[in-house]
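These protein sequences, in sequence, are chains A and B. For the record, in the first sequence the residue sitting at position 130 is 130 according to our numbering, with numbers rising by one throughout. For the record, in the second sequence the residue sitting at position 8 is 8 according to our numbering, with numbers rising by one throughout.
Incorrect hints may have been included.
What the hints assert, rightly or not - Dumping the calculated SDA-like pairs for lysine to any residue here, alpha-carbon to alpha-carbon at most 25 Å:
no., chain 1, residue 1, chain 2, residue 2
1, B, 105, A, 21
2, A, 254, A, 277
3, B, 3, B, 61
4, B, 78, A, 44
5, A, 289, A, 256
6, B, 105, A, 31
7, A, 254, A, 189
8, B, 104, A, 56
9, B, 104, A, 57
10, B, 6, A, 42
11, B, 6, A, 32
12, B, 3, A, 30
13, B, 104, A, 246
14, A, 232, A, 22
15, B, 105, A, 10
16, B, 104, A, 11
17, B, 104, A, 14
18, B, 78, A, 32
19, B, 105, A, 9
20, B, 3, A, 42
21, B, 3, A, 43
22, B, 6, A, 35
What the hints contain is simulated information worked out from the structure, not anything from laboratory work.
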Amino acid sequence: MSRASLFHEQTARQRIASLVDPGTFQEFLPPPERVMSPYLPLLDIPVSFDDGLVIGRARMGGKPVYMAAQVGQFVGGSIGEVHGAKLTGLIQSAARDAIPCVLLVESGGVRLHEGSSGEIAISEAMRAVFECRAKKVPTIAVIGSDIGAYGGMGILTTCCDFRIMTEHGRLGISGPIVIEKWMGKQAYDSSNRALVWKTSGGKTKFLLGDAEILAGDDAGAIASAIEALLEKSRPLTLAGLKSRHGDLDTRLKKFGKTSDPHDLWSGLGIKDTPQASLASAKEFVALAKRKSK
Amino acid sequence: MEKFDKSLSSRPFAWPKRTPWSLAGVVGSGNLEVLLEPNPKSPGKLECRVESSIPGYKDSWIAALDDFASNYPAGGIKATIHDQGADPIVVTFRLRQAYGELLKKSS
Numbered sequence: 001m002s003r004a005s006l007f008h009e010q011t012a013r014q015r016i017a018s019l020v021d022p023g024t025f026q027e028f029l030p031p032p033e034r035v036m037s038p039y040l041p042l043l044d045i046p047v048s049f050d051d052g053l054v055i056g057r058a059r060m061g062g063k064p065v066y067m068a069a070q071v072g073q074f075v076g077g078s079i080g081e082v083h084g085a086k087l088t089g090l091i092q093s094a095a096r097d098a099i100p101c102v103l104l105v106e107s108g109g110v111r112l113h114e115g116s117s118g119e120i121a122i123s124e125a126m127r128a129v130f131e132c133r134a135k136k137v138p139t140i141a142v143i144g145s146d147i148g149a150y151g152g153m154g155i156l157t158t159c160c161d162f163r164i165m166t167e168h169g170r171l172g173i174s175g176p177i178v179i180e181k182w183m184g185k186q187a188y189d190s191s192n193r194a195l196v197w198k199t200s201g202g203k204t205k206f207l208l209g210d211a212e213i214l215a216g217d218d219a220g221a222i223a224s225a226i227e228a229l230l231e232k233s234r235p236l237t238l239a240g241l242k243s244r245h246g247d248l249d250t251r252l253k254k255f256g257k258t259s260d261p262h263d264l265w266s267g268l269g270i271k272d273t274p275q276a277s278l279a280s281a282k283e284f285v286a287l288a289k290r291k292s293k
Numbered sequence: 001m002e003k004f005d006k007s008l009s010s011r012p013f014a015w016p017k018r019t020p021w022s023l024a025g026v027v028g029s030g031n032l033e034v035l036l037e038p039n040p041k042s043p044g045k046l047e048c049r050v051e052s053s054i055p056g057y058k059d060s061w062i063a064a065l066d067d068f069a070s071n072y073p074a075g076g077i078k079a080t081i082h083d084q085g086a087d088p089i090v091v092t093f094r095l096r097q098a099y100g101e102l103l104k105k106s107s
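Bound conformation, chain B alone (with noise of 0.2 Å):
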């Protein structure tokens, strides 16, 4: 396993008055689970969470939450992640789809 955390900067979320929380993937070979939710201490960044059943690609992590960090406003965000193996590619696309259904329940 590998697990670490990191804290990125970002442009903070326009959060609404509720705090809601979305859920993208499931854990299963090749997948993972990312959850979304507040945190209002510190609205400039994204604080990540990872715990990766593959060790040795805390790098190539890194550089996809990083990139995801300064494509959208997801400051004051907690994301924690629990993979099976996934491609950063399927890394991107469940952040966004997350992402996409945390704005929908903000609005």
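This is chain A alone, in the form it adopts within the complex (with noise of 0.2 Å):
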């Protein structure tokens, strides 16, 4: 895959078919089977074919594999009933027939329209992605966008054994206009895009050990990140969950005063900061030498 298609901006479709062996992707519920949203036609607001989501079956290396893609166009790629129900489903049958799942995430999280079914829907995939891990089904969310990983959908990132993202991409819970919203604009400026980028984007989150793997923006990239972990899980123990509060409370104590991100990019290790903005993928990972976990 050339440089010439940047992941980020490829539609969801696009994006599985750079992913998966040629010809091999299989669509559950295509557009014409319109199953698409109840509630937004009572708002006045235009429905999709899909529901903002993209699943199947494929192939990657010969090797089966569930994907789904969500369309962060339509209405911030957020989660309501349909697009939830498709999102479990495909989950659901990852663990039923121990095939890995791959998510291609664009979404800030519930969609509010839809509110209690989209929060409802969020839990029942996670549930799956946890039936998932119990049965070492490898889940592995990319995260290769602007919109990237918010709400609801950046926990249910977080359920899975591994996140791969480029540097576009951002993982969060509350996305940055809710938090200048609440702690005001002196607090996080939501229009820094630097600001938010150095909080919340790909390089921050692979240097804290939130994303286990930086790809560049390319499909080529990406397929090799996802291949390689095609056949690893990660189990999920008291153990693991107990170290992992570990790291987190080290974080907190480390840079909870913190109030400049180059501060916390230093702190882990990035002896030049402008140098490390406009790495690519490869020379960021280089220069991170991120202590392995």
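Dock the two chains into a complex; use the hints.
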């Protein structure tokens, strides 16, 4: 895959096609089936044929995968009842068939217009992810677009075994505008893109260990990262959780009072922040020399 | 919302044995999605269904769709559009894009 096609500029269907073995993607509930939101028309909001989620089965390097891709442009990639049911069904199928599940995430979280159904759908999807993890079926989240993973989708993403991010991706719970609304513009200026990406972007999340892999913004790099994880899973144990809580405690002690994200970067071993900001994913990984976890 | 159906005369599309569908665009601000599907019942018509979030532009819609129906053999096709305020030029572009995809899938 050449640099001519930037992953973050692709549509959901193009992203799937660019990652899987050519011609192997079989879509479940494709657009002609018209499984669409029953709520949006009641609010005079246009619906989409796939409710903002493309799901199906494909092969990567000859191996079967279940794959989902969210459509960020449709109501922010948000999860309503249908979107959520499709997502849950796909992850449950992965658990049942012991086939790895890859989620191409691009979502602000629960669709507020379908609040309760969306919240329930997210928790059902999380349960399905944990079913996969209990059965050692790999669940891999890829965050490679500006919308990123926020709200319930941010939580679901962190429930997966692995996270692959590009520097365009963002990961968090409350989105930048929400934080600004609650805390004020002086505390967090959501229009400051450098600040937003330095606090929730792919490079920072990789430094912090919240994303296991930082990949370049092209399908080739992302596909190889996924393929390397297709046979790996991370057991969810009490000891593992406690150790993770320990890490978070250390992070809070070390950076809890930090207000400048550059201090976070230098505290995590980045010597030359401006250089690292401009570095490619590969260069950044080399600069970071992150301790393996 | 503005919702309407419109049937427009068009030369028949050369369907292959299989019956593919094609999709272009997404439902986002200033954009639309269009789904093209086979509609063997009326081989000489492009059957259109439009659902737009912006009311009051039915004449512009029909002009854009009719332009497409007379420029391309699109008879026997059903076009369903979910729109969120796309300009007429985007409407034409998405129709052409979906049509190109349909031709590719049909060959």
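These are the hints, each one checked on the structure:
1. 105/B <-> 21/A: Between residue 105/B and residue 21/A the Cα gap is close to 18 Å, so the pair holds against 25 Å.
2. 254/A <-> 277/A: Roughly 22 Å between the alpha carbons, so the hint for residue 254/A and residue 277/A holds.
3. 3/B <-> 61/B: holds, 11 Å
4. 78/B <-> 44/A: Holds: residue 78/B and residue 44/A sit about 23 Å apart, inside 25 Å.
5. 289/A <-> 256/A: holds, 23 Å
6. 105/B <-> 31/A: holds, 15 Å
7. 254/A <-> 189/A: Between residue 254/A and residue 189/A the Cα gap is close to 23 Å, so the pair holds against 25 Å.
8. 104/B <-> 56/A: Roughly 21 Å between the alpha carbons, so the hint for residue 104/B and residue 56/A holds.
9. 104/B <-> 57/A: holds, 22 Å
10. 6/B <-> 42/A: Given pair residue 6/B, residue 42/A holds - Cα atoms ~23 Å apart, limit 25 Å.
11. 6/B <-> 32/A: Holds - the C-alpha atoms of residue 32/A and residue 6/B are around 19 Å apart, at most 25 Å.
12. 3/B <-> 30/A: With Cα atoms ~23 Å apart, residue 3/B and residue 30/A stay inside 25 Å; holds.
13. 104/B <-> 246/A: Violated - the C-alpha atoms of residue 246/A and residue 104/B are around 55 Å apart, more than 25 Å.
14. 232/A <-> 22/A: holds, 24 Å
15. 105/B <-> 10/A: OK: residue 105/B and residue 10/A at ~20 Å, within 25 Å.
16. 104/B <-> 11/A: Distance of about 19 Å is within 25 Å: holds.
17. 104/B <-> 14/A: Roughly 16 Å separates the two Cα atoms, so the pair holds.
18. 78/B <-> 32/A: The given pair, whose Cα atoms are some 11 Å apart, holds under the 25 Å limit.
19. 105/B <-> 9/A: holds, 24 Å
20. 3/B <-> 42/A: holds, 14 Å
21. 3/B <-> 43/A: Cα-Cα ~14 Å, so holds.
22. 6/B <-> 35/A: Holds, at roughly 23 Å.
Going through the hint list in order, the structure does not satisfy hint 13, though it satisfies all others.
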